[in-house]
Structures are given as C-alpha cells and as structure tokens.
Amino acid sequence: MRYSGLRVIKEALTGHKGWKPVWRDPEPQASYDYIIIGGGGHGLATAYYLAKTFGKKRIAVLEKGWIGGGNVGRNTTIIRSNYLLDGNEPFYEYSLKLWEGLEQELNYNAMVSQRGILNLIHTDAQRDAFTRRGNGMILNGADAEMLSVEQIRKRYPFLNFNDARFPIKGGLAQHRGGTVRHDAVAWGYARGADSLGVDIIQNCEVTGFRIENGACLGVETSRGFIGGGKVAACVAGSSSRLMSNANMRLPIESTVLQAFVSEGLKPILPGVITFGAGHFYCSQSDKGGLVFGGDPDSYNSYAQRGNLPVVEDVCESGMALIPALGRARLLRMWGGIMDMSMDGSPIIDRTDIAGLYFNGGWCYGGFKATPASGMCYAHLLATDTPHKVATAYRFDRFRRGFMIDEKGMGAQPNLH
Amino acid sequence: MIINHPLLGPRDAQEFTYLGDASLINRPDWQVQNAADAFYEYAYLRDNPAGLHRELWFHEIGDRSWLVVTRNTVTHEIINVEMAADVARSQGRSK
Chain A
1 MRYSGLRVIK
11 EALTGHKGWK
21 PVWRDPEPQA
31 SYDYIIIGGG
41 GHGLATAYYL
51 AKTFGKKRIA
61 VLEKGWIGGG
71 NVGRNTTIIR
81 SNYLLDGNEP
91 FYEYSLKLWE
101 GLEQELNYNA
111 MVSQRGILNL
121 IHTDAQRDAF
131 TRRGNGMILN
141 GADAEMLSVE
151 QIRKRYPFLN
161 FNDARFPIKG
171 GLAQHRGGTV
181 RHDAVAWGYA
191 RGADSLGVDI
201 IQNCEVTGFR
211 IENGACLGVE
221 TSRGFIGGGK
231 VAACVAGSSS
241 RLMSNANMRL
251 PIESTVLQAF
261 VSEGLKPILP
271 GVITFGAGHF
281 YCSQSDKGGL
291 VFGGDPDSYN
301 SYAQRGNLPV
311 VEDVCESGMA
321 LIPALGRARL
331 LRMWGGIMDM
341 SMDGSPIIDR
351 TDIAGLYFNG
361 GWCYGGFKAT
371 PASGMCYAHL
381 LATDTPHKVA
391 TAYRFDRFRR
401 GFMIDEKGMG
411 AQPNLH
Chain B
1 MIINHPLLGP
11 RDAQEFTYLG
21 DASLINRPDW
31 QVQNAADAFY
41 EYAYLRDNPA
51 GLHRELWFHE
61 IGDRSWLVVT
71 RNTVTHEIIN
81 VEMAADVARS
91 QGRSK
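Here the protein sequences come in this chain order: A and B. At position 208 of the first sequence (counting the first as 1) the number is 208 in the UniProt record's numbering, and the numbers step up by one without a gap. At position 64 of the second sequence (counting the first as 1) the number is 64 in the UniProt record's numbering, and the numbers step up by one without a gap.
These aren't lab readings, by the way, just hints derived from the structure by calculation. Accuracy of the hints is not assured; some may be wrong.
Unchecked claim - Beta-carbon label-pair distances, calculated as ranges:
{"hint": "1", "chain 1": "B", "residue 1": "52", "chain 2": "A", "residue 2": "205", "range": "19 to 29 Å"}
{"hint": "2", "chain 1": "A", "residue 1": "223", "chain 2": "B", "residue 2": "80", "range": "37 to 47 Å"}
{"hint": "3", "chain 1": "B", "residue 1": "39", "chain 2": "A", "residue 2": "245", "range": "24 to 34 Å"}
All C-beta atoms, glycine included, are put in the ideal place defined by N, C-alpha and C.
One chain only, chain A, in its complex shape (with noise of 0.2 Å):
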C-alpha cells in the first residue's frame, strides 16, 4: 500500500476504512538467516538495508517489548553532521544525506525538517573551536557557516545576548541540520522492511545465545530457540546486559539522559539551538512544545528515569540562554538509557565469536546515526567487511589506542 496525496483525499471521503496495518505480526520460524535484536531505529533500519540494498532474505527482527519503544521513542529529535574528527563526520554527513532522502526512499511522512542548528559561541576560544570545526565539517563535504551576533540577533531576537558571564559571541550554524518526528522512524523503516519480507517480532526476548565451538548458532527467546546464520545484536541502552550473555564485557557503562517537552507555545524557535556556556539544547516541535535537554545523569542507570539536580542543572541552563523560558510550564519529562563508550564514539563490528555482530555505544547521539548506522551494520552484516564511512567503529581501536573522542575526555564515559 503507497501513501499518496490522492490516496488520503480518498480515505477521508470514506471514512478512514481503508487503511490496514503496515507490517505483519508473524510467528517466529524455527531459523532466519539474519536475526536482528533489536527493534528500535537502528535494527529496524539495518533489517530495511538488509533487505533492500543488499537483496537479502529470511530476516527476522527480534523485539523484546514493542518496536520503537525504546531510545528512539526517548530523544530530542535531533539530526546533524557537526562533527570534527575523521572517524565521525564522514559517516555522520552520510547519514544527514540519508535524512535528506528518507522520505522518498520509504514512502512514509518522518516529518524530516532541515530547520538548521545553531551552535552558540560565548568566547574566543569557542570561535577558535568551532571554526576548525566548522572547516572540518566543509572539507568532508558538510555544510557549515560561522554566524555573526547580528545575524544570530534577526533569527533568535530574543535570546539573552548581553548576559554578564556568557555573553553570545557568535555561531556555527549548519542549515541542513533539523528535526525529525522520531517514531515515524522506526514505523517507516518498519513498514519498508516488512513489505520486504523481513518479520517483525514483537515481545520477543532474548535470553542468551547458544554458542558452540565459538560460533553463534541462535538465539534462546522467550518464545523458544530461533536459529540464525549471523546474530546481530543492536540494542544500545542495554548492549552490556545482552552481550555478557555471551560472556562479552564491553567498553561501555550505562547511564540516564533525561529530555523535557514545554507545554504547546505559539511558534517562536524556528531552528535547533545549543548553549555554548552549558548544556543545553533546544527547538520547538511542531506541536508547539519546546523540546529540550542538557547533561546526563552521571552515573550508571538501567533505570529510564533520572533525578532532580540534573533537572534543575538543565533548566538554569536554558534560563541563561533564553529567559522567557521561564514563562513556559514543563509538561513532560522522561530518561533514556545511553550506551555511553570509553570515547565517546560507537562500534560496528564484528565480535570473536564467529556469526555474531555488535552494534552499540552511540552515547546520546544514536537518533541522528539512525540511516547511516542501518546501512552500515547491512554492510558489515551481508559482505563482512565495514563500510567505507563506518572503519573506525571497531572494538579493537581501545586496545590499539585508536580512540575517537570528539571532547578528548578519555576513558571517562558519564563526561562524554
């Protein structure tokens, strides 16, 4: 069934009868060739690739709860490619490029809005920063412009541009940047993979895998053993607890990233902005909510909810930058689970056992990666090898000393 203009005028005329479920509710089969865990953004999109570009068959994606209920039901929307170092922005560039064709490429309204996003700057040595970032970004084919307070003042009139200890200076704006409606994400790669054949199996745990002889045979579910041909795990949030069922121990902790939504406001930020003196980021959804979120709880979680100092943290932030914020009455706020890495950076790769496959470590950036990370995972998945944009996502680059940390924390994950 394709979405068309015509075809919504016509619905209306008749009542809404028309419209059927777009994916099957299938039984699981005794084996798959592929088996995906994981039926979040970026499993179901890796299912959709599988399938489509790289013409695979008998594919199943296994979901514990419901699809799409897990990050990325839970983030801020966000997309860019405002990276710096060569690991990262090539694959996040080709992601954004991804964005841009979505739509067509699914048949199905994600709401995919280039919008822009500011980065503001508050001192000299952020315009320093954020130049060289913004020249790297352009020379790996990114969009990037540095913007002047003027320029800032006629978009954003009502930011505080004058405060005492963070006055704004400037701007790397990246106008592509945006906002997409997330769970139309999960729902269009969902309905494309599935008009593909691949099964879509919803309250499908899986409890282990079997092993043997240092190969993945399957995995045991709390609907039986399904037998695979290669395992994909996928589940970033909960990869540590997935992965030690196959005695794996991963360079990764778990913590909370709690986001917030205003109630619905007359239209008055028309991009994405970020604090360049704290953290904080915003934009307006296009229900009218303000959408916002600042640092993580920082410390390990498996909870989905966090506490209140990072609350109050997030809000002063947001109160510095914009003041008529206070004005706004919070009307929800909730957590997600980040696989937070040693660098700050994710993994597709290969694991030691033979058949199984690890996707994971995507901190609190996962929902921008969604296409580029499924095309990428089908790469590695159906030939082997990684994509051209995703070799630097390996797990041996730890203990090679080959880490790629955008904030050159170190091996200090919660500081990512």
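Since chain A is already given, all that's left is putting chain B on it; use the hints.
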C-alpha cells in the same frame, strides 16, 4: 539520591562526583608479563550490570574522601557505603 557517608552521615549526592566501577581501585601491576592486556581491561572494559553495582564516588564539596557505594542501577537504591581507603586496606593495600 542520599549517600549515607560513613563519617558524616546522610549527604545529598549532589555533593559528590562520580567516577565509575569500584574495580578501578584494583590498578594492575605494570611489571607483569601481560601488563598491556591487564591495563586495557582495567581502563576500558566494564561489567556495567543492571542491578547491584559497586562504584566510586568522591565527596568533592565535603570532606574530599573517596567512597565505595553499592547501589542498585535499576532502582537507584543505595545499599551500602564504605570508605574506599578501608576497602583498599581490606584487600591488602597500604592505602
């Protein structure tokens, strides 16, 4: 969260900074044969359990002591708090 400091009594977790898994106390011996492997595992690999977790907290704006806190990472409930120096000594370390 309230951390029940062994010397100072209940203190708000905001007074502390968090380092990570308490296994960081057990720094490997740099002179052993497989020191490179041992330091790789020490620096980068974590159990990261869902459930009880022993972890290091530093009382930064208090008495600047290091504590080993046993905490449930699913509920945030704090089960036990010890002085990190006591834990290290009980393992035969001098400090």
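Here's how the hints hold up against the structure:
1. Range check, residue 52(B) to residue 205(A): about 22 Å between beta-carbon atoms, so the 19 to 29 Å window is met.
2. Restraint check, residue 223(A) to residue 80(B): a C-beta distance of roughly 38 Å satisfies the suggested window 37 to 47 Å.
3. Evaluation of the 24 to 34 Å hint for residue 39(B) and residue 245(A) yields a pass: the beta carbon distance comes to about 27 Å.
Checked against the numbered hints above, the structure breaks none of them.
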